[in-house]
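Protein chains: 2
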Amino acid sequence: MSTYKLTLSYDGTDYCGFQLQPNGRTIQGCLEDALTKVYKTDIKIKGCSRTDAGVHARMYVCSYIAPDCVPADKLPLAVRAYLPEDICVSKCELVPDEFHARYDNCGKTYCYTINTAMFQDVFTRRFEWHYPKKLDVEKMQKAADCFLGAHDFSGFMSAGSNIIGTVRTVTRLDVVRDGERVKIYIRADGYLYNMVRIIAGTLAMVGNGKINPDDMADIIASCDRTRAGITAPPEGLTLYEVHYD
Amino acid sequence: MSTYKLTLSYDGTDYCGFQLQPNGRTIQGCLEDALTKVYKTDIKIKGCSRTDAGVHARMYVCSYIAPDCVPADKLPLAVRAYLPEDICVSKCELVPDEFHARYDNCGKTYCYTINTAMFQDVFTRRFEWHYPKKLDVEKMQKAADCFLGAHDFSGFMSAGSNIIGTVRTVTRLDVVRDGERVKIYIRADGYLYNMVRIIAGTLAMVGNGKINPDDMADIIASCDRTRAGITAPPEGLTLYEVHYD
Chain H
1 MSTYKLTLSY DGTDYCGFQL QPNGRTIQGC LEDALTKVYK TDIKIKGCSR TDAGVHARMY
61 VCSYIAPDCV PADKLPLAVR AYLPEDICVS KCELVPDEFH ARYDNCGKTY CYTINTAMFQ
121 DVFTRRFEWH YPKKLDVEKM QKAADCFLGA HDFSGFMSAG SNIIGTVRTV TRLDVVRDGE
181 RVKIYIRADG YLYNMVRIIA GTLAMVGNGK INPDDMADII ASCDRTRAGI TAPPEGLTLY
241 EVHYD
Chain Y
1 MSTYKLTLSY DGTDYCGFQL QPNGRTIQGC LEDALTKVYK TDIKIKGCSR TDAGVHARMY
61 VCSYIAPDCV PADKLPLAVR AYLPEDICVS KCELVPDEFH ARYDNCGKTY CYTINTAMFQ
121 DVFTRRFEWH YPKKLDVEKM QKAADCFLGA HDFSGFMSAG SNIIGTVRTV TRLDVVRDGE
181 RVKIYIRADG YLYNMVRIIA GTLAMVGNGK INPDDMADII ASCDRTRAGI TAPPEGLTLY
241 EVHYD
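Going down the list, the sequences are from chains H and Y.
Those letters in the first sequence? Residues 1 to 245, by my numbering.
Those letters in the second sequence? Residues 1 to 245, by my numbering.
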């Protein structure tokens with residue numbers, strides 16, 4: 001038996017999130033089923049994070065313990081046959097038994113995409129928030145800069161999470177215009193429930209003139225969810241990269 | 001009553017093609033239903049071409065006759081509410097009554113996308129053919145050049161079409177590398193059944209070394225379907241532009 005690290009990507013549109021659920025199709029469920037078929041024994045995986053229903057991953061990392069009957073480099077093609085088309089395993093590596101995808105990473109980067117065009121793009125609609133408003137990217141970046149560093153982000157957390165500490169450290173928050181799209185890249189050491197989607201919704205309201213970027217530091221310090229912006233919808237959110245040393 | 005010209009785009013993945021069918025969901029069916037709801041009277045549309053099941057359109061043009069109760073510039077938003085998310089009407093214009101989307105255009109451009117990466121891209125998989133082979137784009141372009149001009153393309157037509165003339169004029173056939181993707185752009189005055197998909201499949205086999213580009217002129221002249229390549233799958237094909245004077 002060995003411990004394997006998997007790198008995968010998925011279109012989360014048709015899933016109830018990553019984590020196994022009693023009712024509802026999940027990425028974890030599909031992946032464990034596929035691996036169980038490959039190894040002909042029950043496989044349980046440990047993921048690097050829970051992503052919400054409808055959220056995507058360009059790079060997701062998880063690990064599992066399995067018999068050594070399949071060489072790591074052959075696993076991606078072997079599991080391909082048992083996976084739906086919206087999940088793709090691109091890499092499998094042998095790792096030390098103590099490896100843990102969630103606790104061993106030194107941060108995760110998410111990308112949130114907003115399409116501001118008047119009409120939705122039928123080709124990319126599954127992966128972006130259609131928000132047909134003029135957005136001032138400079139104001140958004142000014143507000144974004146206030147998030148950098150360690151802050152108590154309890155004003156940027158949805159109810160329903162039972163987390164004890166609410167301080168997280170944001171090391172990158174870039175707002176980038178790409179034609180009619182605005183992309184928000186955020187890297188932090190960890191995230192509260194819906195934190196990226198609330199930050200994206202808040203920055204969109206800054207861009208749209210509904211929140212003044214000069215108030216952002218105050219809004220963060222207030223820890224008051226009602227002063228932050230809306231929770232942007234899940235389709236715009238993609239886990240972009242998981243960082244390991 | 002006036003004649004209106006509509007410009008739309010669609011993700012054809014979940015449709016049995018453009019044209020109305022007795023059984024099966026079609027773009028035309030969804031669009032006529034939506035327009036009928038907007039105008040509160042039966043609307044019939046005339047399209048610029050039949051696209052096959054699973055084929056997409058970046059730009060599709062059709063026309064219909066309707067009462068003048070909705071200003072043309074308001075129609076795209078009015079019809080939005082009744083359309084599924086994979087069909088998007090971006091423009092509506094008043095045109096002379098004699099306008100015909102199919103007979104009045106002076107050519108159509110299609111784009112066929114091949115993804116040659118080892119693993120499928122979960123974000124673009126609906127719009128490209130996953131063909132994980134090394135493709136020699138220079139050889140493909142050399143073969144592509146043989147298609148330019150007027151030719152009898154009956155060797156590049158699937159059975160089941162009841163067309164009389166089989167001569168078509170190709171005015172553009174470009175093979176373009178875009179990272180791990182190869183895109184084939186073709187413009188012609190008209191197309192035989194599956195013509196673009198057979199040309200794409202044939203060029204892929206040239207790129208992969210299975211067909212010699214020096215044989216291409218002969219293969220075209222032979223009018224022998226068995227000498228051309230495979231019919232590439234529908235997901236890679238997109239109607240890219242319809243040209244009007």
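Some hints could be false.
One copy or two, it doesn't matter: identical chains are merged, so the pair holds either way.
Below are the PhoX-like pairs computed for lysine-lysine, each with C-alpha atoms no more than 25 Å apart in a straight line [stated by the list, open to error]:
#1 LYS91 <-> LYS44
#2 LYS139 <-> LYS44
#3 LYS40 <-> LYS183
#4 LYS46 <-> LYS139
#5 LYS134 <-> LYS210
#6 LYS134 <-> LYS44
#7 LYS74 <-> LYS134
Just so you know, the hints here were simulated from the structure itself, not pulled from any lab data.
Outcome of the hint check:
1. LYS91 <-> LYS44: Within. Shortest intra-copy distance 18 Å satisfies the 25 Å Cα cut-off; inter-copy 51 Å does not.
2. LYS139 <-> LYS44: Intra 45 Å, inter 47 Å, cutoff 25 Å: neither.
3. LYS40 <-> LYS183: neither (42 Å within a copy, 40 Å between copies)
4. LYS46 <-> LYS139: Neither: 39 Å inside a chain and 47 Å across chains, both beyond 25 Å.
5. LYS134 <-> LYS210: Only inside one copy: LYS134 and LYS210 sit 12 Å apart there, 51 Å across copies, limit 25 Å.
6. LYS134 <-> LYS44: Answer is neither: 46 Å inside a copy and 36 Å across each miss the 25 Å cutoff.
7. LYS74 <-> LYS134: between (48 Å within a copy, 20 Å between copies)
The structure does not agree with the numbered hints 2, 3, 4 and 6 stated previously, though it agrees with the rest.
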